[in-house]
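Engineer: Residues per chain are reported as follows:
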Amino acid sequence: MMLSLAILALLSVAAPWVCRYAGPARGVVLAAFPLGIGAWFASKIPSVADGGGIVETFAWLPELGLELTFRLDGLGLLFALLVTLIGAGVLLYAGTYMQGHHQIGRFFAYLIGFMTSMLGLVLADNLILLFIFWELTSITSYLLIGFNHDKKESRSGALQALMVTGLGGLAMLAGLVVLAFAAGDLAGVAGGVWNMSELPEGLSGHAHYPWIVALVLAGCLTKSAQFPFYFWLPSAMAAPSLVSAYLHSSTMVKAGVYLIARLHPNLATGTAEGLWEGLLIGFGAATMFVGAYLATRQTLYKRLLAYSTVSSLGVMVMLIGMGHPDAAAAYILAHAMFKGCLFLVAGIVDHEAGEKDVAEIGRLFRAMPATGMAALLAGISMAGVPLAPLAGFVAKEKMIKAGLDAGPLTALLTALIIAAGSFTVFIAIMTGFKPFFGKAQREPKKHAHEAPWPMLAAPVILAVLGIVYALVPALFATPVVTAAGEAIKGGPFEAALRLDAFYYYEISLALGLSLLATLIGVGIYFGRGLWVKATSPFAKLDGVVGPARMYDYAMLGLTKGSWAQTRVLQNGSLQVYIKMTLVAILGMFAWAIWRTGALPSVGTNFERTGLLEWVLIISIAVSAIVATRLGSRLATVAVLGVIGYAVAVVFALYGGPDAAMTQFAVETLIVVIFVLVVYHLPRFAVYSGLAVRMMDLLLAATFGGVMACLVLAAGSQELFAPISAYFNEAAMPETPDGQSAYGRNLVNIILVDFRSVDTLGELVVLGIAAIGVYTLMKLRDDHEGTPVAEREGDEDEREGGNA
Amino acid sequence: MSLLLAAIIGMLFASALYMMMRRSFVKLTIGLILIGHSANLLIFTCAATRRDGSMERLPPGLIEEGQTRIEGEFADPLPFALILTAIVIAFAITAFTLVLVKRAYQEVGTDDLDNMRTTDR
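Protein chains in written order, with the working numbering: chain P, 1 to 803; chain U, 804 to 924.
Since the hints were derived computationally from the structure, they do not count as laboratory data.
Quick caveat: nothing in here was measured; it's all calculated off a predicted structure.
Ideal placement from N, C-alpha and C gives every residue a C-beta, glycine not left out.
Mixed in with the good hints there might be a few duds.
To be verified - One-sided excerpt, in silico: chain P residues whose CB lies under 7 Å from chain U:
1. 615
2. 617
3. 640
4. 641
5. 654
6. 655
7. 697
8. 719
9. 722
10. 724
11. 726
12. 731
13. 750
14. 751
15. 776
Next up, chain U with everything else stripped away, as it sits in the complex:
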């Protein structure tokens, strides 16, 4: 599974970056969403892969009623906490970018980034 996930992450990164390098502002937004997924999967895979390269479906880090700790193996909760934070932040960025694209298009009349550079000069 980790080999496949690695391949997938590579593909997601490639398509995300390709989209981010487009001159169309809307495509850039698509690229941003894709790169968010790639990063989350990256965190997850790095943490869940064992040293020999294998990956196992483990129960989530939940403590049973009446007990004070989990006995036996469980999935590492830290990467999921990090991913959870990352998802929310990616959402905030996506929402903002979408509104920015809409607004910029409304004002400038183009979504070609090469024609929007006047403010950066």
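Bound conformation, chain P alone:
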């Protein structure tokens, strides 16, 4: 398994070169790899169906409990097959579809990168590993939706998908962490249980259970485009058709369904009233209905399919919540076939006939018979036409039977299923029948012709597999669906699954309801003008308060809020930055005093102060005030020098000769430098008005007062013993060969020994400042083309020559 991931990851990197050198054969070459991997997974069907999973572990960061654990069970196998085999078909299709695009290599790198992430997602057993792959699919999906990045709708669609699924993913990460620790509580493991296969029983009794459910579902429901988060999926249709077919119908959008199914045995409460089941049924049923209803108002081929995919995802979530894992698994497999096929057909119609709007086109069957046949089969399967032996029919019968068996919710859920089923029949006619056999409003834009074989292969095979599914289920459908269903259920089924279509050919309520839904759907098709008119008030309402509008409002608010916030806090004015900082610090002081209820204590023993100290203090105080008032630059420099020397004397008096000497030296240097450049500097100018200056003075004085209090308070606290005793001990060796710093000056040995990294940092700062000074002096003048310093140098030389 890890090998297959590694192969795909390498293939993703190598894809641009393959595209360059393989030419038109690129699709075949690239598709061979996932096909081979898919064949390997397919060869594992018998053993996995018998309950034999495969586990591979690689210790990645054992100290942090991070293990790369991959596990193949029935559920993982179902999705792995979808990812690799449909992926192979899509790559083959893409080789022709994307021909001539100038960034085709990049496209394949993204697509195979997505394939790798998705395969990793469904095989990962470790929660963190799962999350990493989960986010990787979001990122690759972003890149693929925005692939035609010169179009605005591509960019906004990509961003919308990333925002919605990304935010959900963050919530999910929190949920997974809580889950792991809650599981650790129950299992008695200190660091949490991180492998999903080791999650203990009884999580629904844990105190954090509601949080786990809410957070994990936030991730799953956004990823799987459930109501009210569905709006990103139709926007994602800006991607090339094959991306929609692969990511946004067959695989990525099912990641949420996958995780729900994966955690179902651990998080389910066992009753339909439980939190987990209730949320799944509620969101799933709402999504199923709303998605199907919204689809009926679309006329663009891909948007019809997108909304109907939203509906199908709702069905999957609902079926899991209702406790029918067999029906859910059967539906997932059937849906991947008919919807993947129809998306690819939509791509062919766009590519070969130049048409996107199904309301306009018709009678394309003569020009593209193979495509038309595939679309018709997929459409019949999607509609679940009664007695048509196709995958969709079987899945639909199981779904209606589930609805009829829902306890107190039977009436409501059955009604919703039949309503959504009717809409789905209508969508199926619009997408599988109308473009090829229906009435054309006009001639297609391009001269329509049949697609080349690489583009036909995948849709035709998917359509045919839909028949094989229902007629010879033992070939692949039954073992795969059984294994997946049992993994979702968390135990073996009592009775063998029946996926053969003829089993459902009996006079029953379910079949009758299915027939009813079909008739309603056909009715809507013939009266579709009336239908659109009748539903337009709801559409207007959706345009004002619908989820997509809410997202727009939220994004607009975010942008405007950021702008406003930036204008206030980051307006580019240094004065404002300083004031903000000071006010914030003062606020924190005030808060601390309010919280503790008292000012920090101050010592009481203020001993008499000698004359020398008084002189120093007064000279610093006077200079500090004078420095702010003087108008002369040179005088200010002199006053600054006074302060510097006075501070140095204070250090010298109180046992710090080293600091004092440094201060003397540096102060002298600063004064010298200042005097050197002072006549190159502008004169002091007063720019601010009196009111501003007074406000600044008040703020500065308040802050100064607070600092003075802080010094007094801090000086009289001793939170822990000074470390100086240790320096004293460690400075010189007790015995001639003892370990020590070998220095007599404690300040020196601190600088060069105990805290030498500090000194290194200081030297780096000094070096950077020196480079900065040199650069500023030597910087070239762009207007003149000659360095300023050189020009000045010339003048100096001339002056020197004159002297």
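Given chain P, put chain U in place with the hints provided.
Structural biologist: Below, chain U without anything else, positioned relative to chain P:
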């Protein structure tokens, strides 16, 4: 002494910040130098003040020739080591700022910070 030093530190901070809030770039530089002094004095005073608020002139942390440690009280060397580092860094910043002011004035022709904001927008 610590009471006086605290007052001085407060005054130095106030005048430094007042200068830093000026629109004139040169005054900002003066403010930077002043705030360096304030911070150094702050470190020193906090470390040298005893718990009762008193402050004493102590001998520096120097070990006499022939001995392996200092007997009796001595001034805490750690704050002085920190101050020493801080002085040098403040010097580097001051030197850089001075050259920056000079250069900016040369190029822009003004030292009013409100007229120099175009690069920050």
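Engineer: It remains to establish, for every hint, whether it holds in the given structure.
Structural biologist: Right, here's what the structure says about each hint:
1. The closest approach between the C-beta of residue 615 of chain P and any C-beta of chain U is roughly 11 Å, which is over the 7 Å cut-off, so the hint fails.
2. Restraint check, residue 617 of chain P versus chain U: the minimum CB separation of about 5 Å is within 7 Å; hint holds.
3. Hint status for residue 640 of chain P relative to chain U: holds, with the closest Cβ pair at about 6 Å, below 7 Å.
4. Look at residue 641 of chain P: its Cβ only gets to about 10 Å from chain U, farther than 7 Å, so that hint breaks.
5. Interface restraint check: residue 654 of chain P against chain U, minimum CB-CB distance 6 Å, threshold 7 Å, status holds.
6. Below 7 Å, beta-carbon pairs count as interface contacts, and residue 655 of chain P has one with chain U at about 3 Å; its hint therefore holds.
7. A cut of 7 Å between beta carbons decides the hint on residue 697 of chain P: the least distance to chain U is about 6 Å, and the hint holds.
8. Taking 7 Å as the C-beta contact cut-off toward chain U, the hint placing residue 719 of chain P at the interface is violated, the least distance being around 11 Å.
9. Against a cut-off of 7 Å between C-beta atoms, the interface hint on residue 722 of chain P holds, since the closest Cβ of chain U lies about 5 Å away.
10. Taking 7 Å as the C-beta cut-off, the interface hint given for residue 724 of chain P holds, the closest approach to chain U being about 5 Å.
11. Taking 7 Å as the C-beta cut-off, the interface hint given for residue 726 of chain P is violated, the closest approach to chain U being about 10 Å.
12. For residue 731 of chain P, the shortest C-beta to C-beta distance to chain U is roughly 6 Å, which falls under 7 Å, so the interface hint holds.
13. Given the 7 Å rule on beta carbons, the hint for residue 750 of chain P holds: about 4 Å separates it from the nearest Cβ of chain U.
14. Interface restraint check for residue 751 of chain P: the shortest CB-CB distance to chain U comes to about 5 Å, inside 7 Å, so the restraint holds.
15. Residue-level restraint check for residue 776 of chain P holds (minimum Cβ-Cβ distance to chain U is 5 Å; threshold 7 Å).
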